[in-house]
Structure formats: C-alpha cells, structure tokens
Amino acid sequence: MAVLVLFPLVVCLALAASTAYSRTPTLCRFSGLVAAATVTVSGIALSAAVLNGSTPTAGGLLRVDALSAFMLTVVGAVGLTATWGGLPTRKAPATSWTYSTLVTLFLGAMSLAVLADNLGVLWVAVEATTIATAFLVGHNGTRRSLEAAWKYVVLGSVGVAIAFLGLVLLYAATVAAGRPTLSWIVLTQGHLPLDPSLLKVAGALTLLGFATKAGLAPMHSWLPDAHSQAPAPVSGLMSGVLLSVAFYAILRVQAVVDPVLGQGLMRGLLLTAGLLSLAIAAGLIIAQRDLKRMLAYSSIEHMGLLALAAAIGGTLAIAAALLHVLGHGLTKSSLFVVSGRILAVEGTTQIAGIRGLLTRRPAVAVPYLAGMAALLGLPPFSLFFSEVAIVVAGFQSGLGWAMAVAVGLLLVLFAGLARHSASMTLGRGSATPADLTPPDLAPHGPQLPLLLALGVTAVVGFATGPLSTLLTQAASLLVGAR
Amino acid sequence: MKTGAAFLAIVQVTAMVILSPLLVGLMRQVRARMEGRVGAGVLQPWRDLRKLFAKESLQAEGTSWVMSVGPVVLITSSALVCVLVPLVGTVTFPLVPDDLFVMVSVLLLGTVALALIGLDSGSAFGGMGSSRHMTIAALVEPTVLVSVYALSIPVGSSSLSLIVDARLVDPASVASPVSLLALVALFIAVVAETGRMPVDNPSTHLELTMIHEVMVLESSGRDLAWLELGSWMRLGALLGLVGSLLLPWGIAGDVTPLAILLGVLMLIVKLVVLGSALAAGEVFLAKLRLFRVPELLAGSFVLAFLAVTASYLVVQG
Amino acid sequence: MSASLFDQLIGLSAGVLLLTSVLLVWKRSLVAAVRLLALQGAALAAMVAFIGVFERDLPLLAVAGLVLLLKGFVLPFVLDRSRIQTGAVREETPLMNTTSSLLVLSLLTMLAYLVSQPLLTLAPGPTTAAVPVGISLVLYGFLILTTRRHAISQLVGFLVLDNGIATVAFLTSGGVPFVVELGASLDVLLVVLILRVLGGRIAAEYGGADLDELTELRD
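Chains as they are written, first to last, in our numbering: chain L, 1 to 482; chain W, 483 to 799; chain A, 800 to 1018.
In short, the hints are calculated from the structure, not lab data. Accuracy of the hints is not assured; some may be wrong.
When the alpha-carbon atoms are kept at most 16 Å apart in a straight line, the in silico EDC-like pairs for lysine to aspartate or glutamate are as follows [as the list claims (entries may be wrong)]:
(1) A:Lys826 - A:Glu890
(2) L:Lys151 - A:Asp1009
(3) W:Lys769 - W:Asp647
(4) A:Lys826 - W:Glu777
Quick list of simulated restraints, FRET-style, between CB atoms [claimed, not checked]:
(5) A:Phe977 - L:Leu4: 20 to 28 Å
(6) W:Arg774 - A:Thr1014: 24 to 32 Å
(7) A:Asp856 - L:Val405: 34 to 42 Å
(8) A:Asp856 - L:Leu4: 35 to 43 Å
Think of the CB as a built atom: it goes at the ideal place given N, C-alpha and C, for glycine as much as any other residue.
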C-alpha cells in the first residue's frame, strides 16, 4: 500500500530528473503528460482502495483518506487535460527541457501536498509549487511576464510565510497541550486540549496564508497577472490545480480549528473572503480586454464560491464544493488550452481583436463555447449542480443573505463572460461579407483531451455510485472532525 | 542628612564649574591633535573665561533686560542640573526631588533662556539660530524622557539617585539589552542637546551651519562668560549622567571625605574617557544637514522606545 | 548553563535582532543592509545554540549550525551578488521617508506585543518572553517590503520576515520538526535564488531594478 502512495511521487521525480539530465525531445514533449497520467491512475487506484475501507499510509508523513484520494484524482485529471491538450503541434517550436522539468516537478509537488498527513509537509509542498511555477510564469521572457512572475513569487512567498507562522503557532499550541505534533489525523482525532486564543491567531494566520495562494480577495492581485502571462497549459494547471490544492489546505486547517473554536471564526473569515472575491471579480469582469485575464478573474470568482461553501460547512456544501473543484478544474484547464490555441492562430488574446471564431475557425470555437457553457454553470455540466447545491446548503444553514448576494454577483459574472464570449465567437469574421476565406477547420491541437474533460464534466453531475460515495465520505471526514 | 546632602551639592557644583572648561579644552585638544594641529592647550577655555570676565558687557540697541537676565538663568539652571544629577554621590535632599522629569524641566529652562537671548537682539541670524535650537530641543525631549524611563522600570522609580544606586548594586544590569539600547539613545540625545557633532558644529561660524554659536553672537563680556560657562556645565553634567549610568563604580553612597574624594576622582576619569571618545568620534563625523536631524532623533527615539518594550521582556520573563 | 545566564543570553540575542532590524529600516544603504542581514542571521543562530545548550538538545545545535550557514553566509552572499548585478548602492526613493518609517516602527512594536499576549499568558518563561521580538521582526519585514521600491530592498524585507518567523518558531517550541525545518530553509534559499534571477532579468529588460516601473499590467 505504501508503494501505491509513493508511486506518483517517485514517478514525477524520476521523470523530472531524467528530462533535466538527458533533454531528449521525446522526453521533453511527453514527460508532463506521462506524469499527469500516472497521477490520475494512482488517484483512481487509491480511491478504489479507500472505498474498500483501507487508509494507505507511508512513512508517518503521508496518509490517504477519501479526501486525499479524490484530490489526487483531480490533480491528475486536470493535469492530464492541460498537458495533453497543450501538446504543441508539429509546426510549433519544441518544448524546452526546463519547461517540461518544471511542469513535472509541479505535478509532483501538488501530489505531495494532497497526500500529506503532516501539515508541515503540506506547507513545504505548497511552497515548492511556488518555486516550480516561478519560472514557468515568466517563461515568455517579455516585460509583462517578468513583472507578473516577480509579483507572483513575492506575494506567494509572503503569503506562504504567513501560513508558516500560523503553523508554528499551532505547533506551539500542541507543545503546550503536551503532545507536539503537526499530523492532521492526531490534531483532529486526538482531542488535544489546545489553547483557544492561541489557536485563534494560528488559525487566522494559516487561513490568511493559504487564502493568498488560493487567490481569494484581498490577496488576489497576483492572480490575474500570473495566469494571463503564463503559457496557456501552465495557466490551466495553475487555475485548475494550484488554486484547488490551496483550497484543500484551507479545508484541512478548518477541520483542525473548528472543533476547538466553533465555526464562528473560520466561517466569518471565509464568508468575507468569498463575497469580496465574487464582488471584485464581478466588478472587473466586464472591463476586461484580454481573454486570459478574463478567465483568471473567473477563477477568482469560483474560488470565492468555494470559500463560501467552506464557510457554510456541512456535508452537502462540502461535497458540492469538492464536485465543484473537479468540474471547475477540468473546465478551466480546457478553456485555457483553447485560449492558447487562439493565441497561436490569431496572434492575440485581446478580446477586441478576435472576431467571428465560430464561422472562421469552428474547430477552435466549438470547444471554447462548450467550455464557456460549462463555466457559466449551464446544465448538464456539473458546475450547475454544484452551484445549486452550495446555494441550497447556504439557505439551509441560515446564510440566506450571503447566498442572495452571491447569486446576484454570479449573474453579473454570467452576463460579463457571456458578452465577451459572444463578441469573440458569434457573428461574421469581418465587416465585408465578400471575404471569401474558407473556414479553418484544423483543431490546432489534440481534441480528445478536451472532449474527455468536457464530457466528464457533463456526465459527472448525474453520476451516482462510487464517485458520490467518495465525495460523501470525504465531506463527512471534514465535517465529522468538528 | 541635610548637611551631608548640602555638602555633596556644593562639591558637585564646584567640581563641575572647575572641570567643565577643562573638559571642553580636552575635547578641543584631542580633536586638534587628531587633525594634525598643535591645539591651544587644555587650559584655553579658562583663559578665555578670565578674559571675558574682565571685559565690559555691551548690549546692542533695541535689546531688553533678557540679554542680561538670560545668561544668569542659564548658569543657574546648569548649576541646578549639577546638583540634581548624581555625579559624585547619590545622597540627596529629602524634600528636593532629583526626579528625571525635574532634571529635564530644568534643562529646558536653560534651553529656553538661550533661545530668548538669540531672539532678543532682533537680528536674522539670532532668530534663525533660536528656531533651529528649539526644533532640536522639541525633538530631543521624547528621547530623553523615554530612555531614562526605560532605565527606571527595573528600579520602579524615576529618581536618578535610586536608578544609579540600583545599577551599582547589580552590575550585570548594565549589560542588559534594555540598558544598552537606552544608553545609546540617551547618548544621541545628549549630543543633540549640547550641540555637538553631528547635530551642530561647535566651531563653525558659517551662517548656514550655526545653531548654538549664533545665539551667543550678540553677547559680550561678562554675559558671554556666563553663557559659555553655562553651556559647558550642561555638557559636563549630561556626560557625567551618561557616565554614572554606564559606569556606576566610584559613586559615593555616603558623605565621607574618602568617598567624596573617590567620587570626584572617578568623575574626572569618566569625563576624560567620555569626552575624549566624543571628540575622537567628532573627527570622523560630518555635520548632518538640518532636515536630516529629525531622522537621527527619530531613530534614537525608536531605540529608547524599544528599550522600554524590552524592559517588559525582563519584567515578565 | 544557569537559568539567569540563559535569560541574559536570550535577552542579548533578542536585543541584537531588534537592533539590526531597526537599523535596516533606518539606513537606506543596500550594502549596509546585506551586512546587517548577515549579523541578524548570526544572532538568530546564536539564540538557537543557546536554547540547544540550555535544553541539552543536540539536534538543535545542528540546526543552529544550519541556520548560521544559511542565514549568516549563503543568503547574504547571494543577496550581495544580486545587488552587485543591479549596480545599486542605495535605496534612492522609498515610498515613506525615514522619520515616518521609524515612528511606524514603534507602533508596529506595540502591535507585536499586543498580538503575542495569548502566547505569553499561556506559557510564561524566558524564551516565550522574547516572542514579541520575533513578531516585531515579521511586522518590520512587512514594512520594508511595502515601503521600498528597489528589488533588493524587497528581498531584504522578505528575509527579515522569514527571520522573524524562524525566531518565533525556535522560541515557542524549540523549532518545528526537522523535516519541516529543512524543507522551509530550502524553500527560502530557492525563493531568494529565483528572485535573484528574476531581478537580473528585470534589470536587463527595464534597465534598473526600480520596481515602480513595472506598471504595464493593470485593469
């Protein structure tokens, strides 16, 4: 069992090392893809093991419960979409070895973060992702990407340092309670007499730190820059995986703090962050002029929604949040992959510069429209079901006013995103109808991963059976710990 | 007790009257030698005073009684400071508080008198010097108060003699971070208060750089002699205070002839050491431009403030 | 080592940490900043060593050696190379002048004492009494990060922040588990290296490391 837990980590590390050492074109091209596939397979295998009732551990630092197994699968699936979909076409320049190594390391760090039982190891892994993505964000080498990379590294590191201070204070509380530990299972199940006032400070700081990494307002200012300047597959990975894993860390910390302090502190902080994120995204979405920046603000919106779900608490909200993590991850990475293709063929991501995609380049526009429909929360895509479930859970637990505000802001975002997408895809390609260029039917990249991703998102909303059992088990883990 | 305290007060004032000009002479001599000059000798300030006392004081047209009363106020305040600060011994009058706030107020009296003298002549230079002087005095007050407060927290009283006594009893407290931070801050405050480098150049006569010199520009004869002696005594008393706080050994605990003699000798040693160190430091420092002085004084205030907070480290820990 | 000697040594190292931080905020010279950071790292390592000797905890002495190597030598060295690369000697145009920064520093110190009250009441002792110093360092690091424009100054602020967190960690519980400590040190080193490379590229693109010129991305 320990082998299965360590398998994705070892594979990622080995792939990264061999890519860095040998730098063959094949390895450079496919190492990220193979790593993501390995992580997905391990995630599914571990989910099966957990559903069978076992809890695989490795070395006292790693532990796989239902939540970890689910998150690992999410990391793998989103990673697979982004790396497979982002494979450069034959005509595009070959992937550089630094890019492949860093993407593989990034996937390995994300896997370590979700598999960790020790909160310190979780922290180290999250910091490692900042390091791995630092050069990925600045990969283009332009002035703007350097600016985005600098802001990202500084803000991300400061945020993560604050989280470390919170963890240090948490450890101090456990020392004072007589059993020094950072293990999540001991902290939640061990009934340690932790000092409430110290835990308050520790919990708030840790939440603040991981919320910076998750892109929640008011610590979100790095997100639009970083996600818009990075290469498209990297943006997909960051939006789909990195933000989700930061949210996962918030959930784990909440499960430690709430039994001792009650729901009040974390609920208040997460409500504020969630509503503020929705408000900022809604306010700025209509003014966006760049496609990828618009998608980044949509990521802030969805992270705000997830924060609201965490604030509500309860099995329904948490399970819906986890489903939302899966759906949003797959959708956002597909959209970023398509935006990368748009950039490659149109030469720009400025919304005003892209016109009539549906008539001119249908093979690019159709995945875009499908992904956007999923993102906007239209049925049958799973985001519809998860958003409805979150709102219902909110009304059920007395946060009706917050849900009303959130729904209003979601409508504003719906309008903004729909308007921008419509202006890019619908209508004619140019002012003169005499333009006789035949439509470009080439997909400019693998279509299968996008089909799979959006297909899964469409189907999983109705899915019963093992997935819903897994989600319920994961949610009850977090809720039952309170 | 009262006679002992009175005797000690007389000894302190006399000692400072005699020693302050020698201290200034020593500082000038150290500076001269380090700059490669021969120097005028340690006794030169006394020679200047003797010359000035023999001369008639002239007052400019339009000046008032402030010009003749001011120097007397200054020398009186300086003498009072010499009584209050435990330079030679820590025996005090039972009803006269040698509290730090009293000392600071008495110093301020002298500062204001000097500033008024500068303003009284009605010249532009005088006004400029007085305004600069008062600005620096206003900025220095918080530092002096907070740093001596930091030193008083372990003792629980702001009486200077009690503070020095406590440091005599427990020498290790001299090297604690509270004490070091507070003394550094106090030293910077003393430099600013007495008009030494880098705040003010005592040997300049350029209008852009004068602060102290310009306030005494219009005085002459006996008035000038009082002013100079009063300023030198302030310098001596404040350096003596820093010396007592930094190196409390030798301070007389009771009024016996041997203890007093030892106290005076140790005072001479401390003044020589601190004065030479200050003069040597001045050789290497350039005068700060006036708008930079608040930065220096804010920095010394922060150090004093940190000393106060650090003293709570020791109290609670 | 006796308890009172331990108290004094902890107090002394805490004092040096505070003094170096005050000087870092006060002085605008980048050369002096790097040297002060090295001194701060050495003081932190000394504090860890004192705790290790007093508690007779040998692994902690090894950690003290690691801290000295990393924060006293390697990080200042990397920072100095970065500074030489950008060619700057002073922070020319900070966002807040020195006097205001110093006054804000006093306020931040008071805030640090207020924030650390729960910890002080929970576990009174000589080491926890110095925790406010660590929290003050975190706040000073924030101050430097937000009020300076030069890339090197921001790095200095980040390292002061990190030193403060490390101080709190060692004072409250003798550090965190070794694995985590190792991981955290490695992460800090890598972050500084990354920022050095990025800073170099920014200097090459923009011709100087004044971060206020990075304004092309906005809404």
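Hint by hint, work out which the structure violates, then give me just those numbers in ascending order.
-> Hints 3, 7 are the ones this structure does not satisfy, whereas the remaining hints hold.
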